[in-house]
Amino acid sequence: MVKVEPPGGEADRFRPPYLSDVASPDGSIPWLAANVNKRGVTCNLESAEGQVLFRRLAAGARVIIETFAPGRLAALGLADAVAHATVVSITPYGQDGPLAATPGSDLEVTAASGSLWLAGEEGKAPVRTSQPQSGYWAGMYGALGALVALQGGEGQRVDVSAQASMTTVHPPAPVWWDIAREEHTRTGPFLLGRSIVGSRFRNIWPCADGHVSFAIQGGAIGRHTGRMLVEWMAERGHAAAALATIDWERFDNSTLTQTQVTELEAEVAPFLRSLTKSEFYAAVVAREMLGYPVGDAADSLADPQLAERWFWQRIAPTDGAPPLPFPGGFALFDGARPAVTRGAPRPGQHNAEVYGELGLDAGELAVLQRAGTV
Amino acid sequence: MTEVATRVVPAAPTGALSGLRVVEMGFAAAGPLVGKYLANFGADVIRVESRLAPDVFRTAYPPFKGGQPGPDRAGMFAFYNDGKRSATLNLKHPKGVLLARELITRADVFIESFTPGTIARLGLDAGSLRAAHPALIVLSSCNQGQTGPHAFHPGYGSQLSALAGFVHLLGEAGSTPVLLYGPYIDYIAVGYGAIAVLAALERRKRTGQGCTIDLSQFEAGLQFLTPTVLEFAANGRIPGRAGNADAVAAPHGVYPCAGLDRWCALSVWTDAEWQRLVAIAPGLEAGLETDLATSAGRRRLRDAVDARIVAWTASRDRDAVVAELRVAGLRAAPVLTISELFSDPQLRHRGMWPEVQHPVIGAMHVMAPPFRLSATPSVQVHPGPMIGADNDHVFGELLGLTDAERSELERDGAFT
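Chains as they are written, first to last, in the working numbering: chain R, 1 to 374; chain C, 1001 to 1416.
Note that these hints are calculated values from the structure, not bench results.
Even glycine gets a Cβ: it sits at the ideal position worked out from N, Cα and C.
Hints may contain errors.
Listed next, the stretches of chain R that the computed footprint assigns to chain C, with coverage defined by at least 3 CB atoms under 8 Å from CB atoms of chain C [as the list claims (entries may be wrong)]:
1. 13-25
2. 30-41
3. 238-247
4. 257-268
5. 284-295
6. 318-332
7. 342-348
Just chain R, same shape as in the assembly (with noise of 0.2 Å):
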């Protein structure tokens, strides 16, 4: 994998916050998190000797991976040296149609994809999730896109829609609309989940030293969770007298009213409330019961399943930078991790290395980077 920029880096090395917030091309925490694992050439792209360089690299290249405005490759006289390739373009809104040449961040593709319409408190403004998602989605969609088209033979072109990609995220409320007609909209902390007579169960609730998403269900596991809650309230002295009412064997909450659904979380929120996250999580895992604390990134870099699964991999983010955790592998495969062997490389880093491949000497690449090509 081998990351192209121009010379002096690409302009996403300048997106804080930085490590030790201190700025600097080698520091951005978003943009290292998306570049590890990689080796970096710069080439300038717009020179004749920027363009000869380019083809010769993208000459061994089986899937080349762009995010220019549509039309730019072509405009710079380079479509046919990726012909050969998988060649995956991501965009806000695809290579061709109404909005394709329309600029657009994380924040309108998200509003363009219903995606951030179902997020927030009910009657005020949509929120987006403060770490930007869009770009991880289309990039992921975008890593299956590649592997879908080099099974169906070389040369193809992969069109991946940051829009398109942000619209997949929120079944069922497409459903809902196209077999029933129904707009869903936001619901804050409220789940609706199975209801069928529109209740609204909450999620999300305040403990003592954060949140927990909890909520009363239906279903095996959950009158299972039901019948727990009770017995562990009882334990703590917790009063629960509408709770102590239900038969949990034939319990179904896809039918309670909304007046019932608030008596019986009147109850539960005191209880809730006297917990802290970690006293909930080992309680529901002892007795396995559906719940987990509302986690942050102190509570996942702590977290004793990861830490089983030798999940988080501590690397230099730069060569010779102190050592921080970055996620393995997403998955096991034959019970093997992949790891994260490389930092993500300063702007030119393999210049040497990647272009002496190619077969270019010391004295070519020392040519080529005072004429500013590298």
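Please arrange chain C on chain R, whose structure you already have, making use of the hints.
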């Protein structure tokens, strides 16, 4: 009334995955949507299911056609299982398990999304399947992985999205977090699950060897939150909720427009863009010209700037505001409602919602993949199958059982 998107589905010359056979067992979204994407590109995906314990998407999750529950009336199953076959087996019966094993032996890929340990109890563990069929690729997708202290803890996507940290990042600063509407993290695991299967196929071409893939939906989701962990580890800060604020762009938010619950999203990334915004919305900077000329100043006075933008947008038509901002070269978009997704010109252009016919539900839509391939495009012709719709094909043609054999197995209780 929204105009519903339709498109003529061209017959694929050859799907990129044609010839690939996939057997799938599981429920809800996280496993089965992997099979959906493979089917969209031509794989023959056979959902093995049971009438005794159907997928919760068939039975427990509305909406249903006409509000009447039923395994063949369920919108969720029909919408997100397009292009698959369905065959029904009783996996609690030894002969049902034998038939499942027969079927998997003839497949390239076996996908399952049960609780860890379930397929082993059924006698369909990856180890014994691959001993008989070394080229088989087995994808097991579950909440937290097949191993570790929380492997057997039950859970589901909406709550797992909270554990992983997504919920902590959604809402106004200092307020109770809100949900990402549904089981957000499941769909991340779907994408990575499909990637894992195809990467294993690519390796199999070189080595002839299959693969056993253990996918934890938790771990898949955390890939999308890497910056939060880096920021905590490097800088000691735990990223949290920030409303719609951004570290660079200012203004950056959604603004109410004329009408009920109509919003426009707008972000300004440079001082030059701010000047373009001021040019079409005079008064935004009145009295604060110097302060607001820089992004640092606009971030400092975020509330004041947002209030002025609201004053400008509140009585204007959403789409007119967006059009005006876009003509000025600014980043802006309508906050589309879900029904509007079906009429959005850009999504329509991309064929996002192909129309299909369902025997019970009638005319409905399914979802195309969000990426388009130039030579082997995706095809959506059939919604999710009726339960057991392909028993004749699967047990008769594929496994070669005679009518007499099928009758006997039926009497034994191997089918459901």
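Evaluation of the provided hints:
1. 13-25: holds (count 6)
2. 30-41: Since 4 is at least three, the answer is holds.
3. 238-247: violated (count 0)
4. 257-268: violated (count 0)
5. 284-295: Coverage by chain C holds for the segment 284-295 of chain R (10 residues, Cβ < 8 Å).
6. 318-332: Coverage by chain C holds here, the residue count being 7 at a Cβ distance below 8 Å.
7. 342-348: violated (count 0)
When the structure is compared with the earlier hints, violations turn up for hints 3, 4 and 7 and for no others.
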